[in-house]
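Trainee: Listed here are the chains, written in short residue letters.
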Amino acid sequence: MAGLGKFLIRRGLTFIPTLIGVTLIVFIIAYVIPANPVRAWAGGEKASQAAIEMIKKEYHLDQPWYDQYWFLVKGLFTNSLLDPLNQEPVFNNIGNRFIVTFQLALFAFFFVILIGLPLGIISALKRNSATDMTLRIIALIFISTPIYVIAYLFIWLFFIHWNATTLAGIPPGPPHTITHIPVIDDILTLDWSNFVQQVERFWLPGFTLGIAAAGVLMRFTRNSFLEAYSRDSTLFLKAKGVPKSRLYRHVLKNALVPVITILALQFGGLLAGTPITETIFNLPGIGLYALQAIMYLDFPALIGVTFLYAIVFVTANLIADILYVIIDPRVRL
Amino acid sequence: MAEETGEYETREEYEMSILDRISDRLIDGFASFIGLFKKDWRRRNQSRIKEWKLMAYAVNRSPPTLLGLIIVIVYIFIGIFGPYLAPWPYDFFPVNYNYSTQLAPPGSTYFLNVTQLQNGYIIHYTTYIHYMLGSDTYGRDILSILLSGARTALVLDIFIILIGPTLGIILGLISGYYGGAVDETIMRITDMFLAFPGLILAIALSAVLPGRIQNFLNAHVWAQTFVLKLFALHPRDVNNLGKLLAVFVALVIVWWPGYARVTRGSTLTEKENLYVEAARAIGLPTRTILFRHILPNIIGPILVMITMDFGGIILTEAGLSFLGLGAVPPIPDWGNLINQGSQQFPQAWWLVAFPGLVIVTVVLGWNLLGDGLRDILDPRTRRSLEFKLKKKSKGGEASA
Numbered sequence: 001m002a003g004l005g006k007f008l009i010r011r012g013l014t015f016i017p018t019l020i021g022v023t024l025i026v027f028i029i030a031y032v033i034p035a036n037p038v039r040a041w042a043g044g045e046k047a048s049q050a051a052i053e054m055i056k057k058e059y060h061l062d063q064p065w066y067d068q069y070w071f072l073v074k075g076l077f078t079n080s081l082l083d084p085l086n087q088e089p090v091f092n093n094i095g096n097r098f099i100v101t102f103q104l105a106l107f108a109f110f111f112v113i114l115i116g117l118p119l120g121i122i123s124a125l126k127r128n129s130a131t132d133m134t135l136r137i138i139a140l141i142f143i144s145t146p147i148y149v150i151a152y153l154f155i156w157l158f159f160i161h162w163n164a165t166t167l168a169g170i171p172p173g174p175p176h177t178i179t180h181i182p183v184i185d186d187i188l189t190l191d192w193s194n195f196v197q198q199v200e201r202f203w204l205p206g207f208t209l210g211i212a213a214a215g216v217l218m219r220f221t222r223n224s225f226l227e228a229y230s231r232d233s234t235l236f237l238k239a240k241g242v243p244k245s246r247l248y249r250h251v252l253k254n255a256l257v258p259v260i261t262i263l264a265l266q267f268g269g270l271l272a273g274t275p276i277t278e279t280i281f282n283l284p285g286i287g288l289y290a291l292q293a294i295m296y297l298d299f300p301a302l303i304g305v306t307f308l309y310a311i312v313f314v315t316a317n318l319i320a321d322i323l324y325v326i327i328d329p330r331v332r333l
Numbered sequence: 334m335a336e337e338t339g340e341y342e343t344r345e346e347y348e349m350s351i352l353d354r355i356s357d358r359l360i361d362g363f364a365s366f367i368g369l370f371k372k373d374w375r376r377r378n379q380s381r382i383k384e385w386k387l388m389a390y391a392v393n394r395s396p397p398t399l400l401g402l403i404i405v406i407v408y409i410f411i412g413i414f415g416p417y418l419a420p421w422p423y424d425f426f427p428v429n430y431n432y433s434t435q436l437a438p439p440g441s442t443y444f445l446n447v448t449q450l451q452n453g454y455i456i457h458y459t460t461y462i463h464y465m466l467g468s469d470t471y472g473r474d475i476l477s478i479l480l481s482g483a484r485t486a487l488v489l490d491i492f493i494i495l496i497g498p499t500l501g502i503i504l505g506l507i508s509g510y511y512g513g514a515v516d517e518t519i520m521r522i523t524d525m526f527l528a529f530p531g532l533i534l535a536i537a538l539s540a541v542l543p544g545r546i547q548n549f550l551n552a553h554v555w556a557q558t559f560v561l562k563l564f565a566l567h568p569r570d571v572n573n574l575g576k577l578l579a580v581f582v583a584l585v586i587v588w589w590p591g592y593a594r595v596t597r598g599s600t601l602t603e604k605e606n607l608y609v610e611a612a613r614a615i616g617l618p619t620r621t622i623l624f625r626h627i628l629p630n631i632i633g634p635i636l637v638m639i640t641m642d643f644g645g646i647i648l649t650e651a652g653l654s655f656l657g658l659g660a661v662p663p664i665p666d667w668g669n670l671i672n673q674g675s676q677q678f679p680q681a682w683w684l685v686a687f688p689g690l691v692i693v694t695v696v697l698g699w700n701l702l703g704d705g706l707r708d709i710l711d712p713r714t715r716r717s718l719e720f721k722l723k724k725k726s727k728g729g730e731a732s733a
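If you read the sequences in order, they're chains A and B.
Following the numbering used here, the numbering of the first sequence begins with 1 at its first residue and continues without gaps.
Following the numbering used here, the numbering of the second sequence begins with 334 at its first residue and continues without gaps.
Bear in mind the hints are in silico, worked out from the structure with no lab data behind them.
These numbers were taken from a predicted model, which means no experiment stands behind them.
There could be a bad hint or two in this list.
The following label-pair restraints were derived from C-beta to C-beta distances [said to hold, decoys possible]:
id, chain 1, residue 1, chain 2, residue 2, range
1, A, N223, B, N548, 24 to 32 angstroms
2, A, T134, B, T499, 32 to 40 angstroms
3, B, Q680, A, M295, 50 to 58 angstroms
4, A, K253, B, I491, 22 to 30 angstroms
5, A, S233, B, L369, 51 to 59 angstroms
6, B, H463, A, T177, 58 to 66 angstroms
7, A, G95, B, Y430, 53 to 61 angstroms
8, B, S350, A, R10, 52 to 60 angstroms
9, A, R231, B, T621, 36 to 44 angstroms
10, A, G169, B, I491, 23 to 31 angstroms
11, B, T499, A, M295, 45 to 53 angstroms
12, B, Y511, A, Q63, 33 to 41 angstroms
13, A, R11, B, L369, 20 to 28 angstroms
14, A, R11, B, R545, 33 to 41 angstroms
Note that CB positions come from ideal geometry on N, CA and C, so glycine has one too.
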């Protein structure tokens with residue numbers, strides 16, 4: 001695994017300029033806000049001049065841009081950047097909300113795998129048949145449907161008609177925390193009553209969020225399976241007279257290599273794709289926090305959130321790369 | 334049989350359907366149209382025209398692709414003529430003094446009091462409006478807004494695709510072809526943009542940009558007029574254009590990096606080919622090598638990506654409007670209707686259902702078309718499609 005260590009170092013080094021660039025882009029975004037955010041933070045039209053001056057000084061808004069940039073970057077890395085709306089460090093605000101978003105993404109991920117993998121494999125096994133055609137069109141419909149349309153359809157079906165979920169509030173986590181993610185803690189501490197509560201609240205948003213990604217995974221699995229099936233090694237196994245079930249097991253092993261790497265990317269995508277779902281299902285996650293930050297021109301919060309998103313995304317890419325290297329040693333060269 | 338007729342042709346004859354004849358006619362017509370301007374074009378591009386015809390046969394034999402094509406053509410047609418086909422203008426807010434016309438259910442008919450200034454007199458009269466698909470929270474006819482909103486979607490779609498991917502492709506070509514420091518710089522910038530989830534970057538940009546764009550529009554009357562004509566909007570909506578164009582700029586910024594990366598990758602492998610070396614040896618300018626030699630050879634997968642992104646842009650744009658960031662009323666927009674409906678759900682289900690259905694259909698159409706194109710443009714799968722066509726071999730060993 002010597003090659004792997006080298007690879008990690010090389011990959012980690014490209015991580016740094018990307019992150020610096022990300023902070024720059026975020027800063028530029030915040031910089032083009034034309035309205036005067038300080039007045040909004042100080043309490044709107046009636047804010048006193050003294051309060052405005054004080055806030056300006058606190059956030060270095062009266063300094064040149066490089067000073068403002070340095071202030072923001074320093075604030076991000078030392079977590080000293082305060083959210084002007086509640087005077088808490090930005091990442092403290094984000095931390096609480098990230099738990100909700102992470103749990104939502106976990107549920108979505110569960111449904112993605114549950115729907116995407118089997119249907120994709122069935123589609124590939126019965127390629128060019130009516131089943132395959134139907135499944136492919138279903139996958140395309142999953143991809144083509146906007147998440148808010150699915151969300152309202154499901155709310156109407158599962159909440160209004162069948163009342164199979166709750167849509168208000170967030171159930172509190174279990175008393176014993178280990179990982180701080182309630183569902184995982186429930187499983188670890190065998191707290192079933194809380195587990196049921198969490199599932200009742202989160203399964204529908206997760207299902208909604210996962211639908212589009214499930215469609216993508218279905219298509220990807222099918223293509224990957226067919227690609228593995230058309231290899232020479234498969235032909236050899238066939239010629240050797242290996243029974244079909246064992247043949248497919250070999251093909252599946254080869255086909256799952258790219259699938260596993262794309263799963264890592266999809267988890268990153270799910271974490272980042274929550275703003276609309278959280279708005280509709282009223283979950284206080286980071287997506288909702290980002291939207292609120294935009295609405296109140298709360299750009300320290302906005303910068304914190306976008307920075308976090310960038311880190312999540314880049315990390316997901318990194319994990320996908322690492323998985324690929326571990327599974328497929330040829331890439332390491 | 335060939336010997337009997339005396340002429341020996343190794344030509345494959347396909348069993349033609351009506352669709353094949355239509356597509357043949359269309360392609361022949363297009364070819365002679367170009368022939369009007371460029372002499373000799375038809376003769377020199379014979380094989381290309383034949384290739385196009387084969388592609389069209391493949392499309393004609395794949396029902397999903399045909400369905401996608403039909404949906405896309407209808408979408409483009411309505412996008413162009415929708416505002417003129419709409420029974421009511423998009424900014425017609427009906428008034429009845431006795432009851433509210435807001436959130437009228439589908440299929441209902443309401444009487445309206447109209448007040449108009451005519452020849453210096455104010456005249457009142459009563460007329461009626463039939464809400465085939467219901468009305469929105471302002472009492473506007475949803476059918477009209479859906480038709481007019483197609484223009485908004487189409488214009489954003491086309492202009493974003495024209496600018497974003499083009500920029501990405503050019504940068505990718507340059508980056509892949511030159512390599513070295515140029516490549517490194519462009520790719521690091523691309524990485525920075527790719528590090529953001531698209532939706533988040535689009536949300537942030539479309540939230541902060543409107544003010545700047547509105548200032549620009551207010552300062553430049555020609556830009557105002559151009560944009561108003563483009564979206565078929567009434568001049569009194571000029572102050573709402575900032576938000577609309579902010580979405581446009583945001584999506585262009587979000588949409589180029591993916592193309593840059595894909596184009597760079599294919600350019601890297603393509604430039605190793607001998608024909609590129611030959612082109613360089615005879616001293617062709619780099620511009621020609623990039624756009625006339627390399628680009629046509631790598632364009633296949635990019636075209637598929639573009640086709641699918643036509644749908645993707647509609648989805649993202651509607652998503653932003655749903656969050657209240659894009660077009661605001663009275664500008665007609667599909668996503669905005671759903672945004673209004675979200676507060677009235679499930680009582681006013683038609684505000685979510687009809688725009689939702691329209692969006693799903695259009696995006697599905699683009700995706701079906703893109704999926705079909707992928708099969709058709711990929712030489713491996715296309716050949717297998719062609720073999721599936723029933724052939725009557727003419728001239729001995731024609732099918733070989």
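Trainee: Now tell me if each hint is right for this structure.
Mentor: Evaluation of the provided hints:
1. A:N223 / B:N548: 24 to 32 angstroms: 48 angstroms, violated
2. A:T134 / B:T499: 32 to 40 angstroms: 37 angstroms, holds
3. B:Q680 / A:M295: 50 to 58 angstroms: With a Cβ separation near 26 angstroms, B:Q680 and A:M295 fall outside 50 to 58 angstroms, so the hint is violated.
4. A:K253 / B:I491: 22 to 30 angstroms: 45 angstroms, violated
5. A:S233 / B:L369: 51 to 59 angstroms: 55 angstroms, holds
6. B:H463 / A:T177: 58 to 66 angstroms: 60 angstroms, holds
7. A:G95 / B:Y430: 53 to 61 angstroms: 55 angstroms Cβ-Cβ, so the 53 to 61 angstroms window holds.
8. B:S350 / A:R10: 52 to 60 angstroms: Holds: the Cβ-Cβ distance is about 56 angstroms, inside 52 to 60 angstroms.
9. A:R231 / B:T621: 36 to 44 angstroms: Taking Cβ atoms as reference, A:R231 and B:T621 lie about 39 angstroms apart, which means the hint holds.
10. A:G169 / B:I491: 23 to 31 angstroms: With Cβ atoms ~45 angstroms apart, the hint is violated.
11. B:T499 / A:M295: 45 to 53 angstroms: 33 angstroms, violated
12. B:Y511 / A:Q63: 33 to 41 angstroms: The hint (33 to 41 angstroms, Cβ to Cβ) holds, given that B:Y511 and A:Q63 are roughly 39 angstroms apart.
13. A:R11 / B:L369: 20 to 28 angstroms: 56 angstroms, violated
14. A:R11 / B:R545: 33 to 41 angstroms: 37 angstroms, holds
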